[in-house]
Structure formats: structure tokens, C-alpha cells
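Novice: Keeping their order, the protein sequence lines are chains A and B.
Take 1 as the starting number for the first sequence in the numbering used here and just add one per residue.
Take 1 as the starting number for the second sequence in the numbering used here and just add one per residue.
Check each hint, because a few of them may be wrong.
[What the hints assert, rightly or not] Okay, derived cross-link-like pairs now, DMTMM-like style, lysine to aspartate or glutamate, Cα gap no bigger than 25 Å in a straight line:
id : chain 1 : residue 1 : chain 2 : residue 2
1  : B       : 86        : B       : 99
2  : B       : 76        : A       : 150
3  : B       : 76        : A       : 110
4  : B       : 186       : B       : 200
5  : B       : 104       : A       : 144
[Stated by the list, open to error] Just a few of them, taken from the derived set where beta-carbon distance is under 10 Å, the chain B residues facing chain A:
id : residue
6  : 15
7  : 70
8  : 188
Since the hints were made in silico from the structure, they are not lab data.
Using N, Cα and C, we set each Cβ at its ideal position, and we do this for glycine too.
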Amino acid sequence: MSDKPLDISIRQDSETRYFDLSSLKIANCMGCFGCWTKTPGKCVIRDDATKVYPCIAKSDKVLYVSRLKYGGYDTIMKTMLERAIPVQQAFIRIHNGETHHVQRAVVPKEATIIAYGNISDEEKDIFRQLVARNASNMSFSSHEIIFTTESMVEDQVKRILEKWEK
Amino acid sequence: MGKIMILNGSPRAPKSNSKRYAEIFSKYCTAETEYYNITKKNHLELCAKMEDYSDVLFVFPLYADSLPVVFLNFLKTLEANPPRRKPVISILINCGFLEYQQNKVAIRMMKFFCHQNHYIIGSILMLGSGEAILDTPFRYVATRNIRKLAQSIASKNYQLIRATMPLTKKLFLMASTIYWKRFGQKFGTTKEQMQTMEIEGEN
Ligand SMILES: Cc1cc2nc3c(=O)[nH]c(=O)nc-3n(C[C@H](O)[C@H](O)[C@H](O)COP(=O)(O)O)c2cc1C
């Protein structure tokens with residue numbers, strides 16, 4: 001999923017799904033915990049995010065494309081990641097030596113994250129730490145981060161997709 | 001003595017733990033405090049008001065390992081609309097998990113923001129187990145450390161403070177299970193229903 005439209009073509013028969021988050025209607029999480037306690041596994045806000053998080057859960061590979069801000073994901077991607085908590089349960093387990101939530105039917109995934117913008121070394125370092133933390137909460141079995149400029153994003157995405165289709 | 005502006009960056013600010021933490025802060029702070037929820041509509045107003053304060057305390061939760069998006073959006077507005085005089089920025093962050101260390105990335109992002117926008121960082125309180133602590137026998141841990149935070153900012157003797165429930169991970173896991181079971185009960189949802197593996201009704 002990407003925070004900006006990408007000029008890419010995905011083969012009809014392929015199992016790859018592409019979401020341009022910037023074209024979807026996704027409100028911010030209000031922190032009500034309805035998805036854990038009221039309608040478990042379903043967000044109470046019935047907008048486009050409800051189509052995205054089931055896909056995240058089912059995928060064994062994910063590619064996230066986001067602009068960076070202060071060393072973290074910028075608004076569009078961060079909004080979606082916050083709305084993805086219905087894939088977890090309220091209940092806690094000990095995972096990698098820390099307390100984390102039990103996951104519902106979430107397939108462990110290889111994550112590739114393309115972080116773009118005018119990125120300083122300090123921001124890269126913060127982002128690496130952030131994605132390492134995400135790995136524990138978002139079921140990443142492995143992760144790779146690619147830092148790039150905005151103009152190079154599409155080339156990088158195509159490179160990853162070719163690798164996947166092999 | 002300066003005046004302290006408390007800004008709540010929780011997406012559920014009016015009903016948040018952050019609000020309760022802010023109330024405890026105000027109660028123990030010897031300096032004058034003024035409290036505001038950050039809403040979608042008041043960003044510019046809050047940015048302009050900041051110049052009236054010597055210190056700003058941001059109170060917010062950890063969301064997906066970093067800053068809640070509503071708070072991130074406020075920082076972006078603040079970056080574009082800086083106050084004429086810049087206050088010292090202090091932070092009270094709380095996270096749901098036991099380990100206060102899980103807040104570290106968010107703190108690094110805040111430091112990056114402050115550095116880039118020429119704000120001095122004051123005190124920081126990193127709180128673990130922040131979803132539940134106020135309604136447990138360990139409330140005193142939160143209260144005591146928030147009081148320390150308030151004193152440090154009022155005296156400009158800025159500090160880094162860390163706190164969480166004094167429980168092993170295993171006991172925390174058991175306590176949190178009871179907490180969430182009760183949360184579900186309020187909506188007539190059983191533990192088994194909460195444990196569904198289905199996402200949007202699919203498995
Ligand atoms: C969308 C969402 C994401 C969250 N992510 C985390 C997290 O990554 N780590 C954590 O320890 N707690 C996380 N929490 C838990 C909150 O930090 C915790 O419930 C906090 O007490 C909420 O504070 P508030 O009531 O002031 O908003 C998350 C909560 C929500 C709703």
C-alpha cells in the first residue's frame with residue numbers, strides 16, 4: 001500500500017493487491033477499543049480501512065510506501081496503520097521478551113518499506129528503530145527498509161514487484 | 001514563575017487517560033497550568049497561544065509504536081505556524097504495554113521535532129502500563145512520578161523520568177487479561193468472543 005498514487009501494473013492473475021491510500025476514505029482511529037471489546041475483529045468506523053486491514057492480515061509479503069515525517073510515517077500511512085488494530089486481540093502475550101498483543105488470523109509477513117522524502121541520517125536511524133518495533137506488533141518475520149527520494153519511488157516499487165513475481 | 005500550557009494529543013482527549021494524567025499534573029504543580037485538548041479545529045489557535053507560556057507539556061499516548069496521527073498533524077501545523085516566543089517543551093507519554101521503554105521511538109521523534117524547530121526540551125515522563133494503572137493499586141506509581149514531573153518543570157530543574165507497574169511480565173499479562181475481560185463485559189462481549197481469530201468475519 002502506498003500513500004501516493006503509483007503508476008504500476010499488477011498482473012490480473014496475480015495475488016497481489018494494491019491500495020493507493022491517498023484515494024481512499026480513511027478516518028483516524030479514535031481509540032475506542034470497539035474492535036477488541038464490542039465487535040471483535042471489526043472496526044466500528046465502517047470506511048475504506050475495513051477493506052485494507054483484512055488484506056494486510058492475509059498477506060505473507062507487504063510493501064508499504066510512505067513519506068517520512070520526524071523519522072516516522074507521515075499522516076496517510078500512519079492513519080492506516082493505526083486503523084489496523086482490529087487484527088489483534090485485546091489480550092496480551094509475551095513476545096520477544098516484551099508484552100505485546102495476541103494476533104488474530106495474521107500471517108507472518110516479509111515487510112518491505114519504502115520511505116521517501118528528503119531524509120536525514122538521524123531520521124533514518126529513528127525510522128529503523130520504529131520499524132524494528134513495528135515488527136513485533138505487526139507480525140513482520142523479516143523487514144527491509146529502502147530510503148529513497150520521491151522521484152525514485154516508482155522505480156523502487158517496480159524492482160520489488162519484479163522480485164515478487166519471479 | 002512561568003505558566004504551563006498542557007496540551008492533550010490523545011485522539012480520545014475528552015475521555016482519555018492523558019486527561020486524567022494532566023489533571024494529576026495540575027493538582028501537584030506549583031506553577032499555574034492551563035489545559036487544552038488538541039482538536040481538529042483548534043490547531044492554529046493553540047499554536048498562537050503558546051507564546052503566552054514559559055512551558056508546554058504535551059500529554060499523549062503511544063500509538064502503533066509512535067505518535068498518534070492526530071498529534072503528528074498538530075506538530076505539522078505547529079511547524080508551519082510557530083509562536084513568536086518559543087516555550088520549553090516537556091512530554092508525558094503513556095503506553096499500554098508494561099515496558100515504558102516502548103515509548104522510546106516516540107520520544108526520539110519528539111526530540112527530532114524540537115531540534116529541527118528550535119525548541120528546548122524540558123522534562124520527559126515515560127509511563128508504561130498507562131492504559132490501566134490509574135485504576136489499580138499501583139495508581140500511586142503514576143501519581144508520584146507525575147508529581148515529580150510537575151515539580152521538575154515548575155522549578156525548571158528538568159528531568160527524565162520513567163515509571164511503570166512494579167509487576168513481572170507474567171503478572172502483568174494476568175492482570176491485563178482481567179482488565180480487558182471486564183472491558184468486554186460492559187458491552188456484553190465474552191472473553192471467547194473477544195478471542196475470535198476472525199477479522200471482518202473472515203478467517
Ligand atoms: C490505535 C492504537 C494503537 C496503540 N499502539 C500502542 C503501542 O504501539 N504500544 C503500546 O504500548 N500501546 C499502544 N496503544 C495503547 C495506548 O497507548 C494506551 O491505551 C493509552 O493508555 C491510551 O492513552 P489515552 O487514553 O490518553 O489516549 C495503542 C492504542 C490504540 C488505540
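Novice: With reference to the structure, classify each hint as holding or not holding.
Specialist: Structure-based check of each hint:
The suggested pairing of residue 86 of chain B with residue 99 of chain B is violated, with an alpha-carbon distance near 32 Å, which exceeds 25 Å. Restraint check for residue 76 of chain B and residue 150 of chain A: satisfied, since their Cα atoms lie roughly 19 Å apart, inside the 25 Å limit. Of the supplied pair hints, the one linking residue 76 of chain B and residue 110 of chain A is violated, its CA atoms being roughly 31 Å apart against a limit of 25 Å. Simply put, residue 186 of chain B and residue 200 of chain B have alpha-carbon atoms about 22 Å apart, close enough for the 25 Å limit, and the pair holds.
Pair hint residue 104 of chain B plus residue 144 of chain A holds up; C-alpha atoms about 21 Å apart against a cutoff of 25 Å. Restraint check, residue 15 of chain B versus chain A: the minimum CB separation of about 9 Å is within 10 Å; hint holds. Of the supplied interface hints, the one on residue 70 of chain B holds, with its beta-carbon coming within about 6 Å of a beta-carbon of chain A, less than 10 Å. Annotation: residue 188 of chain B was flagged as interfacial toward chain A, and the flag holds, the nearest CB pair being 9 Å apart, inside 10 Å.
Of the numbered hints listed earlier, those contradicted by the structure are 1 and 3.
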